[in-house]
Amino acid sequence: MSDMSDEFTTGSAGSAGSAGSAGSAGSDEGADEMGATPEGSFGDHVPKLNSVTLVGRIGQQPNPRYFDNGNVVVNVSLAVKRKYHPLERKVRDVKYGDEETDWFPLEIWGRDAEYCAKFVKKG
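Numbering-wise, the sequence shown is residues 1 to 123 according to the UniProt record's numbering.
If you're looking for bench data, these hints aren't it; they were derived computationally from the structure.
All values derive from a computational prediction rather than experimental measurement.
Cβ coordinates follow ideal geometry from the N, Cα and C atoms, glycine included.
Where hints are given, some of them may not hold.
Once the Cα atoms are required to be at most 35 Å apart in a straight line, the calculated DSBU-like pairs of lysine-lysine come out as [what the hints assert, rightly or not]:
(1) K83 / K121
(2) K95 / K122
(3) K83 / K95
(4) K81 / K95
(5) K122 / K90
(6) K122 / K81
(7) K121 / K81
(8) K90 / K118
(9) K121 / K95
(10) K83 / K122
(11) K118 / K83
If you anchor each label on the Cβ, the simulated ranges turn out as follows [what the hints assert, rightly or not]:
(12) E99 / K122: 16 to 24 Å
(13) K83 / V120: 18 to 26 Å
(14) V94 / K118: 32 to 40 Å
Let the sequences and hints guide you as you build the complete structure.
Next comes the structure, spelled out in structure tokens:
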């Protein structure tokens, strides 16, 4: 019978996980170095923890900056209207059209920055 360590091997040479192996999940053997992970842990697969989607309006025209090494960066600010649940509107006495605006500074690098500079406009 196979244990859970078979599912979470790193896939590198010589690290085939098997039931009863010395480096199975829950064992600290092989993790004596700083940052090392024992066989059977997540290894090179890091789960995504957070995903954020912001929808709003750009506060200033994107202005790309190019570096000597070929990198490009664009800094813009994004205005997002704060949304309220209908019950929260009653408690806070917020009328439609009276929503607050939150500003998020964005730093965009690489191909995304080039796309932003070319196609994204203020407003």
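Numbers of the earlier hints that this structure fails to satisfy, in rising order: The structure breaks only hint 8.
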